[in-house]
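*Asks:* These are the residues of each chain, in order.
Number of protein chains: 2
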Amino acid sequence: MRDHLRPTLPEGGKARRVYLLLRDDITSGVHGPGALLPGEQRLAESYGVSRVTIRRALDALEGDGLIDRRAGSGTRVSAAPGTEAMAADVTTLIPQIVRMGQHSARLLSFSYDVPPAQVAREMGIAEGERVQTAVRVRLAEGQPFSHLTTYVPEDIAANYSEADLANTPLYQLLERSGVRVASAHQTVSATLASPDVAQALECSTGSGLLSLRRVVRDARGRVVEHLSALYRPDRFKLEMALTRVGADDARHWEPVVGDRSAEDMEDGNGGKA
Amino acid sequence: MRDHLRPTLPEGGKARRVYLLLRDDITSGVHGPGALLPGEQRLAESYGVSRVTIRRALDALEGDGLIDRRAGSGTRVSAAPGTEAMAADVTTLIPQIVRMGQHSARLLSFSYDVPPAQVAREMGIAEGERVQTAVRVRLAEGQPFSHLTTYVPEDIAANYSEADLANTPLYQLLERSGVRVASAHQTVSATLASPDVAQALECSTGSGLLSLRRVVRDARGRVVEHLSALYRPDRFKLEMALTRVGADDARHWEPVVGDRSAEDMEDGNGGKA
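These protein sequences, in sequence, are chains A and B.
Residue numbering for the first sequence follows our numbering, starting at 11 and increasing by one per position.
Residue numbering for the second sequence follows our numbering, starting at 11 and increasing by one per position.
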């Protein structure tokens, strides 16, 4: 809860907004380690704010250890601005650090509810039909990196309890319920952190988040799970390898199937959503 | 330039921030078509702002046609809030609409520069070495949806001109230069729109964007292109199909290789970054 206990800039203010934008550019490498940032006047013009606002944003970045300011020589990005985001295979969603075991999950809510209309549509269930809804946060080394909302048809979810879900990966619970997971379709996009998600992920409201929706089906094509995942981009990113195959005009990209070591823990720990 | 010519809410203000968050929740389906939004007082508490600010954000959403407000019956999400985002295969990055031909590209800049340190590192080139840098915006039906920055080693880029790049897909130019594209590694994340990117994509500064980095190599492993792409999530999303294969403990996800029709135009039009 660092961001919440020690707010250096008021939520929703202009200085916080500029701070978030500059922090993003630094952690994503647009302004790499050692890079010289533009002067205060140029930043003020670029962001359409006053120099006072720029100075407050830079104060906060300096407090984070992301920049070094020296009189006369300008403002530079620090040599090692924070750690690299965890990389995860786009098929497993399991980041490296989770595979290594230093992770945990927090169950924020467990209920039987009517899902949002779009989720019901994607699940192919009738309007007004209830599903088991769970909200979890996943942490690596005590730091939250993902916010997961899962929806499971009521008859399948009847086979497990809130306590089960708090301790056992959902895929294991589905399989225990006789479900044979066969296929999935996933959509990757981006969104902004709403106040409740920001609190759970210990980031600022309005931060950019990577979003992923996965609709999981059994062999007969029935949706057995609907997952909405939100990830902090400073702590998590999706990776994939592509290879260029075919000849001449038929030449095209194909995904490289990941090495199996990434999958070994899938059925054995909490690393599965 | 709609957002810039008719700003309904000042950039950087609290009302604009709440507007962006609510708009995101509506276009992403968190608040689906016809859903009842919480009352002004509850929204004010949730976002930590005044009711006046909430009302101004709702005014802007109403102006966009995203919500309907009726005295006595509250605020509902409109029946058809905007269009669906284009979906694109994660390997080709070509959205459906681009395949259908109603697209174009705008070359914003073309120069020979030293790339950001992180790009140089990922390209495996020496510090201070120059590369050909191009910034392009891609449009579908006249609407910008992606902002592309590409870096190409100087000796390869020497084979094409600014005019070539404005009219011909980069992959065609690379192949014409004798390059044999063999493999790529891509990373998917999220970021916030900086002022210059927001202007190019005709969105608000601080909007959430889907970001993708792709490092493309030839058969000998040399980096021949570095691509940084930013996408408006309301207009573009990445999709992929997965299949669950293997038996028992070895059961795992594998990507499904896309149908070839998605690739047919890859070497024939501007749909390739």
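Don't read these hints as lab results, they were simulated from the structure.
Warning: the hint list may mix true and false statements.
[To be verified] Under 7 Å between C-beta atoms, here's a sample of chain B residues computed to sit facing chain A: (1) S56; (2) S60; (3) Q153; (4) A194; (5) Q209; (6) A210.
None of the values given here were measured: they were computed from a predicted structure.
Backbone N, C-alpha and C fix where the C-beta goes; we use that ideal spot for every residue, glycine too.
*Asks:* Check each numbered hint against the structure and report the violated ones by number, ascending.
*Replies:* Those not satisfied are hints 2, 3, 5, 6.
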